[in-house]
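Undergrad: Sequence:
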Amino acid sequence: MDCSWENCKEKLESSEKLKAHLEKHDFTDLKCYWIGCTRYGEQQPNKYALVAHVKKHSGDRPFKCKECPKSYTRGDALSKHMKYHKQSDKEIESLVNSIYYLEKRISVLESKVIVSNFDKKNALKRLNVCSNNFIEIVKEELKNKLKRQNLDKNSFWGRFLKD
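Numbering-wise, the sequence shown is residues 1 to 163 according to UniProt numbering.
These are computed hints drawn from the structure, not numbers from a lab. Yeah, the Cβ is synthetic: ideal placement off N, Cα and C, and Gly gets one too.
Computed beta-carbon distance windows for the label pairs:
#1 K47 to D2: 21 to 29 angstroms
#2 P62 to E103: 41 to 49 angstroms
#3 D89 to N46: 29 to 37 angstroms
#4 K80 to K17: 29 to 37 angstroms
#5 D2 to Q43: 21 to 29 angstroms
#6 I137 to K24: 51 to 59 angstroms
#7 R61 to K24: 17 to 25 angstroms
#8 E91 to K66: 14 to 22 angstroms
#9 K47 to E16: 15 to 23 angstroms
#10 K47 to R105: 57 to 65 angstroms
#11 E140 to R105: 18 to 26 angstroms
With the hints as extra help, turn the sequences into a complete structure.
TA: As structure tokens, then:
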């Protein structure tokens with residue numbers, strides 16, 4: 001790996017060695033001088049922000065999400081990301097609760113149709129088609145949400161969706 005810091009021609013054997021090497025560069029003016037960086041020469045608010053930014057160049061991303069494959073150079077970025085998972089979990093739980101509620105309501109409606117005196121066969125058929133279609137739509141929305149988050153099919157919510 002080559003260090004692309006301005007005026008540095010150091011060649012290093014690994015990203016770990018590049019990480020250690022980058023710490024030797026002078027960060028006192030709070031600017032990134034990595035050649036080709038989109039933030040080249042841009043003032044960072046503080047040394048912590050600059051050091052976190054420079055970690056991107058060495059591939060050092062020590063803050064790893066336990067829910068998905070993403071990782072970050074800063075702890076606050078991981079915290080922000082985790083809020084997304086928590087919000088998504090609430091949305092998924094709400095969808096699952098809706099499915100359970102609808103399934104219970106379908107059972108109640110089916111029992112009422114059986115007790116009544118009108119065309120039971122057609123009424124039950126229409127009820128099943130409509131309710132099953134609606135439940136499938138909700139399940140599909142849940143599957144799409146799981147795909148967007150790259151959640152494991154063996155996770156709690158993933159197991160709910162028996163394919």
